[in-house]
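Protein chains in written order, with my numbering: chain H, 1 to 295; chain Y, 1001 to 1272.
Source of the hints: derived by calculation from the structure; they are not laboratory data.
Virtual Cβ for every residue (Gly too), placed ideally from N, Cα, C.
Among the clues, some could well be false.
[Said to hold, decoys possible] Each computed DSBU-like pair below joins lysine-lysine, with the alpha-carbon atoms no more than 30 Å apart:
| # | chain 1 | residue 1 | chain 2 | residue 2 |
| --- | --- | --- | --- | --- |
| 1 | Y | Lys1239 | Y | Lys1225 |
| 2 | Y | Lys1205 | Y | Lys1190 |
| 3 | Y | Lys1073 | Y | Lys1239 |
| 4 | Y | Lys1190 | Y | Lys1267 |
| 5 | Y | Lys1205 | Y | Lys1225 |
| 6 | Y | Lys1073 | Y | Lys1225 |
| 7 | H | Lys172 | Y | Lys1190 |
| 8 | H | Lys172 | Y | Lys1267 |
| 9 | H | Lys172 | Y | Lys1266 |
[Stated by the list, open to error] If we take Cβ atoms under 7 Å as the criterion, some of the chain Y residues that face chain H in the derived model are:
| # | residue |
| --- | --- |
| 10 | Ala1168 |
| 11 | Asn1172 |
| 12 | Leu1176 |
| 13 | Ser1179 |
| 14 | Met1180 |
| 15 | Val1181 |
| 16 | Arg1184 |
| 17 | Pro1194 |
| 18 | Gln1233 |
| 19 | Ser1235 |
| 20 | Trp1271 |
[Claimed, not checked] If you want the ones that stay clear, here's a sample from chain H, every Cβ over 10 Å from chain Y, calculated:
| # | residue |
| --- | --- |
| 21 | Asp68 |
| 22 | Val112 |
| 23 | Thr127 |
| 24 | Arg247 |
| 25 | Arg270 |
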Amino acid sequence: MAETRLWPLRRRANPYVPGQGISSVDARVRVDPGKANTGSSAGRIEARDVTMTFETRRGTGLVEALSDLTVSIEPGEFISLVGPSGCGKSTMLKIIAGLLQPTRGEVLIDGVPVRSPRRSVGIMFQTPELFPWRNVLQNVLLPIDIFGHEREYHTERARQLLNMVGLSAFEKAYPRELSGGMQQRTALSRVLVADPAIILMDEPFGALDEFTRERLNLELLRIWEEARKTVVFVTHNIGEAVFLSDRVVVMDTAPGRVDAIVTVPLARPRTVQDMKDPAYTNCIFEIREYLGVER
Amino acid sequence: MSLKAETRLVVPIEKPRRNLWRRIRQRPEVILSPLVLVVFLVIWEWVSTSGLVSPVILPAPPKVFRGILTLVKASWFPQHLWTTTIETVLGFCIAGASAFTMAVFLHQVPLLRRVIYPYVVTFQVMPMIVLAPIFVVWFGFGITSKVVVSVTTAFFVVLVNSLAGLAAVPENSLLLMRSMVATRRQVLFKLTIPTSLPYVFAGLKTAATLALIGSLVGEFVTAEKGLGRLLTQFSFALKQDLVFATVIWVGVLGLALYGIVSFLEKKLVWWR
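Here chain H stands alone, though its shape is the one from the complex:
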């Protein structure tokens, strides 16, 4: 019972394999714990010349949202996409998630081209998207319900996750009773309960105040240190991107392209103290220069 590790993934007793998502099998099939997992998903993402063009609203022309984006993301890497609004960050995230198909190019996850969403990829938005008729615990268990898994086993894990994000006392509360920060913590637990290999975060804390955002960033970092999942983090806060990431993809508008991919020279595990490190500040300035903020 005194389970402190939240990722008891390497033990045989568990009905799922690391990063496989709980199941990649169709939801209607009740999965036998032992047999469900074929192959393993490490969480490597390769984007090759991803180009995305949208038709303008009146259908009068084409707008390029992404042009020839190529990036390779290692399993367990924390990578950020930064850039001004409209540079195609969110579009890229949706393409990785399989929610959008690129006009040209392709994204491979562990060598397999992404054609549709998969359960080993979790996504989190700027809005928590909690269902108001479900309480916190039920919201966290949503993926379990969708996957068609037994709630009993996963309820315990959901409680551990809520404990980890400091919401133990609120598992019976309803979303409207929670602050914005608590709602996003719930959303984070909901992503984690599905045990994805890859977590995509679209400005997850962008709507929160500075203090809450900073605290949640620290919590995210702590969770990531423990779980080592691949995280793709979209933000327009350069400092946040540098503090959290191994590498920062600097993007620019018109048409969404990659200016540079900056490797953050800070060691892991990171603490708030790292923000005093000159390397941190230098890295921020480097990215600013790429974005042309200095001129």
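Knowing the structure of chain H, use the given hints to seat chain Y on it.
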């Protein structure tokens, strides 16, 4: 630990003293609202007794009250009340259930929805009540024609509201469900329908009143029983006190239906 800091901020507020005068000052409408009714009744009484208006045209409130009692005591009254009630409830339930089902179906087949929607709007804008004479010819003088009028009157507001509700699902919620590879059925039952419920109930509350209007107008056309029939009958007989009494019974029936729907809404859409 971060939670403690948040809970500590809750400071107990001093309980307000149970001072009647103070409470009235804080919420004057508690007194003023009933007062409006009293003033209205007093003016009514004054107008009908002063000779400005003939008492045959406008009976005084006490006479109307006696009329209500007459109706309650009359052995023939319950069947009329019951007939209108059953017509309205049947009409409401059929309209509500079929409109919601149709909305879900149309929502699932977007092309069909786009094809049908102009007609839905047209029918909603048209007062369906004008069809009452036609339906009486088609479905006879009995209860059926009134139920049909009631259904057609109440149907479209539920349909339009349900369609709006089903379409009100946030884009990101849908993306979230898609990212989890949810089936269509799961999206429908776990997200779309719950999201639509507040809208559906807004429609149902309007529909409750419309269903009542439908059955009454149906009865106006021709009927053997029902409050609408009583209204026309009393009116022809110049029994204005009984007309007013019946009108008040209609009001009670309408309020009761609305109350039941509101109660169901509070139970089913409790998160709102």
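Results of checking the hints against the structure:
1. Y/Lys1239 x Y/Lys1225: holds (18 Å)
2. Y/Lys1205 x Y/Lys1190: Holds, at roughly 24 Å.
3. Y/Lys1073 x Y/Lys1239: holds (17 Å)
4. Y/Lys1190 x Y/Lys1267: The hint holds at about 18 Å.
5. Y/Lys1205 x Y/Lys1225: Given that 30 Å is the threshold and the Cα spacing comes to 26 Å, the pair holds.
6. Y/Lys1073 x Y/Lys1225: holds (17 Å)
7. H/Lys172 x Y/Lys1190: holds (19 Å)
8. H/Lys172 x Y/Lys1267: holds (18 Å)
9. H/Lys172 x Y/Lys1266: Distance of about 20 Å is within 30 Å: holds.
10. Ala1168: Violated: closest Cβ of chain H sits about 13 Å from alanine 1168 of chain Y, beyond 7 Å.
11. Asn1172: Asparagine 1172 of chain Y check passes; min Cβ-Cβ to chain H is 5 Å, inside 7 Å.
12. Leu1176: Status holds, d = 5 Å.
13. Ser1179: holds (5 Å)
14. Met1180: holds (5 Å)
15. Val1181: Holds. Min distance 5 Å.
16. Arg1184: Violated, about 11 Å.
17. Pro1194: Proline 1194 of chain Y check passes; min Cβ-Cβ to chain H is 5 Å, inside 7 Å.
18. Gln1233: violated (49 Å)
19. Ser1235: violated (49 Å)
20. Trp1271: holds (4 Å)
21. Asp68: holds (25 Å)
22. Val112: With a cut-off of 10 Å, valine 112 of chain H remains clear of chain Y, as the shortest Cβ separation is near 15 Å.
23. Thr127: violated (6 Å)
24. Arg247: Holds, because the least Cβ-Cβ distance between arginine 247 of chain H and chain Y comes to about 24 Å, which exceeds 10 Å.
25. Arg270: Holds, since 20 Å exceeds 10 Å.
Of the hints listed earlier, those the structure fails to meet are numbers 10, 16, 18, 19 and 23, in rising order.
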